[in-house]
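Residues in the sequence shown are numbered from 48 upward in steps of one, following the numbering used here.
The hints are simulated quantities; they were obtained by calculation from the structure and are not laboratory data.
Be aware that a few hints might be false.
Okay, derived cross-link-like pairs now, EDC-like style, lysine to aspartate or glutamate, Cα gap no bigger than 20 Å in a straight line [what the hints assert, rightly or not]:
#  : residue 1 : residue 2
1  : K478      : E102
2  : K345      : D583
3  : K478      : D495
4  : K422      : E538
5  : K332      : E198
6  : K623      : D355
7  : K422      : E405
8  : K128      : E102
9  : K478      : D440
10 : K426      : E509
11 : K593      : D440
12 : K111      : D91
13 : K460      : E485
14 : K465      : E562
15 : K593      : E401
16 : K141      : D104
17 : K111      : D435
18 : K593      : D399
19 : K141      : E631
20 : K465      : E526
21 : K111      : E127
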Amino acid sequence: MHKEMADRFGNQPEQVVRAAHSHETERNVPNRQHLESALTYAQDKNLERHAVTDERDLMRDALKRSMGEAGFGEVRERFEKRIESGSLIQVESKSPARAFTTERMIQYERDNVTEMRAGQAQHGPLVSPEAWQSVQQNHTHLSTSQRAAVEHILATQDKIIGLEGVAGAGKTTCLTAVREAAEREGYQVIGLAPTSRAAHKLGESGIESHTLQRELVRNEAPNDGQRLFVIDESSLASTKQMNEFFRRLQPSDRVLLVGDTHQHEAVESGRPYKQLQEAGMETAKLGEILRQKDPALKDAVEQFARGDVHGGIARLEQQGRVHEIVYPQKRLNSIAREYSRNPEGTLVISPDNESRRELKSLIHRELQNRGNVSKVEHKLRVLESRQDMTGADRQWAGQYEPGDVLRYSRGSKTEGIKPGEYARVTGVDAKENRLTIEREVGTLQTYDPRRLSGVSVHREAEREFSQGDRVQFTAPSKELRVANRDLGTVEHVNSNGDFRIRMDSSQEVRFNVREHPHLDYGYAVTSHSSQGQTADRVLIHVDTDKSELLVNNRFAYVSVSRAQHDAHIYTNDGSKLSRSLSRESSQRTAIEVEQELSAPKAEPVGPRGGRPSEEEQGHSLGIGLV
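Could you build the full structure based on these sequences and the hints that come with them?
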């Protein structure tokens, strides 16, 4: 009956199906430019933070960026062509999927090493013995190891030298002496750091300092004088940043890279500071820890500094400084109570955003109950950074959401946007890659996000601030003279958003939160944020179920070493604590994986010589053969 009805009316279903297939074929012819854009986005996004990336991540992001305009087959075909052309270079992978890097990343790393080696033994001593002799009486307080490190640096004939110092070894004290001697020799000493907080800290040595990022966007005429660049927290600098910096150096410039290879590495790809050391960069050493005033705590920190996490945790357990509390809420409540018992000089470190938010709220309430913080609260709007967005994400409209708040640090003459201006996203056209924003003056404007750089993306959030609250700045401000992650205490706040904050440096800061909305509670921080800080007492939250990206050997070392007098760890599982905190989190470098590929593979050897039997191979893998 169905077929008869179809015949009577001209077989319309078949015509509709044929037309649909024809339309589908026409629409699904992949746009080559669109496919290339999708693959470039995936490549840039993943290789921004990792020198080596997984094929699955590349394919996932390319498909996401193609927005249904191309199917898996078309994306896969173009992906394979990139491999054939050498745009993507396959490297050895420990996972089932293939891993890739790029020739550009390999070249960045090679150029950095080449620049360092080309400058070895090419100069006279950084500072003459006479210049050092004239200033060393000002530095009789230097310890034996500090004096040896300073003299090593001043005597170098290399263009680029390192200063490797364990946490709390007094690197800032050494840099004060280096600065004074170099200035006596006629150098202009310029301080740089990957974060504004580290640059602020470097300034304590008397070196005029700013961020490495700011240095890289400056367009200044070549300087004829002698310059000594001191880059602090060098482990946080990425391979690309270091490469751009080296390319800007003049023949007479000298560079001192300061850091600790066991502390946190760059969020972006690479670990150039350690890579340069491994490639033979002359490096002065500071191995004596001076920060810890408690001998037992110092013993534990020394073990962490040597990479012996198991030994360090065992020491802390023997000292009663490890507390197992299985239930999350009970554990966080215990940390909040312990903090409020003696808040002065206490820092809480926690690895993930969720637990930090909970801890901040719990500590705020606990301090209110104890009378340390006023119960009169003022609910104010602040901005939280969207840290999930990479540089590649910020160039694609599809990654933005209506309501996002944008800050244009550089501005744009083309779009008529001033540096420091804010705007709110009101519309997103992912297909055409267009953003619609509402400017502060109330006008709407649409543009392609690829045309602008220096844009940070935020979400609005509410915080209830009271007099006595510990707060943390979440963005730097030149006008207020504060760095990102600087801490202070609220001395006054009102419902209009007017603040008076006493910084830990004793500086007083007054502002309205509408003018600088980058503020949060300062009770709990990440170990990344804590790097470079010193506290009397540290309370560390460790959830052993968290990823090794959050809980690892660097988290352990940095967190425990912040404390001068006392450190306590609160964990869900004491039996897993050492294993979780021992996990390695170092980035792989492009040159490393290239060398792994070219290295001859060793034949496995059995206990009696020759190739191992199948049974021996099974045992070595931890499996039994049946």
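Exercise. What are the numbers of the hints the structure violates, in ascending order?
Worked result: 1, 11
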